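Build out the structure end to end from the sequences listed, making use of the hints.
For the sequence shown, position 239 matches number 239 in UniProt numbering, and the numbering has no gaps at all.
By construction, these hints were calculated from the structure, which means they are not laboratory data. It is possible that some hints are incorrect.
Unchecked claim - 20 Å max Cα-Cα, derived EDC-like pairs, lysine to aspartate or glutamate: (1) 140 with 85; (2) 127 with 148; (3) 127 with 171.
These figures come from a predicted structure and were not determined experimentally.
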Amino acid sequence: MNTAVKPLASGAIVELQDVGRTFLLGETRIEALRHATLAVMPGDFLAIWGPSGSGKSTLLNLLGLIDSPSYGRMLFRGEDVAGLDDNALSDYRSREIGFVFQNFNLIPVLSALENVMLPLHCQRAPKAEARARALAWLQKVGLAAFADHPPEKLSGGQRQRVAIARAMVTEPSLVIADEPTANLDSHTSREVIDLMQALNHKTGVTFVLSTHDPRLLARVSRHLALRDGEIAEASYEESMLKLNAESLT
1 MNTAVKPLAS GAIVELQDVG RTFLLGETRI EALRHATLAV MPGDFLAIWG PSGSGKSTLL
61 NLLGLIDSPS YGRMLFRGED VAGLDDNALS DYRSREIGFV FQNFNLIPVL SALENVMLPL
121 HCQRAPKAEA RARALAWLQK VGLAAFADHP PEKLSGGQRQ RVAIARAMVT EPSLVIADEP
181 TANLDSHTSR EVIDLMQALN HKTGVTFVLS THDPRLLARV SRHLALRDGE IAEASYEESM
241 LKLNAESLT
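Here is the structure:
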């Protein structure tokens, strides 16, 4: 492992330097992400948007240390993590990163409280401490009264709030949210984004979310457009103009 790679941005939480990710589909080589350079800074509320198949999930999996790059350098808090083994990456994820998924990924046989406690069990926190911290986070997302409810008794918006509490309970430095509003109606989507924005402002935790809905771009501090595996930073107005032009072709 080479820890002497020079960061491009001082203080970045996670940084990609000319990173690519390739897959083999039969005998065909698929380049899902091409030569991506990106620095995610503390306190960012960053959206990655693009159509299906553009590479959003691939990029999020890299930023969340789920996958390793096929080429290029990837730094987490200044350390080159591209060559770390699965156990080392798992340790980083446990300590530093929370995850929110479009399908919620709650365990159906557990209560809302037990679902939020799970990451703390993975960190071997004492049960009483885990319970107290999980209850505190359910209170923060407005669901303390639903602590004993299983996921099937919760609405989609409530399930996503439980998932956000689970992501935040370990006090991560980074939250990765993969299409967090994809299965929600427009009103509930706004509520979920409002909650994540409030947590970003109050705690300073960095959020990186993916979306195919350009209407959400006006709600974030920064966004990246992704198409065919290539990444580019653009203003909201530029992205909307591009989207409108593509809809006419």
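Verification of the hints:
1. 140 with 85: violated, 35 Å
2. 127 with 148: Holds, because 16 Å separates the two Cα atoms, which is no more than 20 Å.
3. 127 with 171: holds, 17 Å
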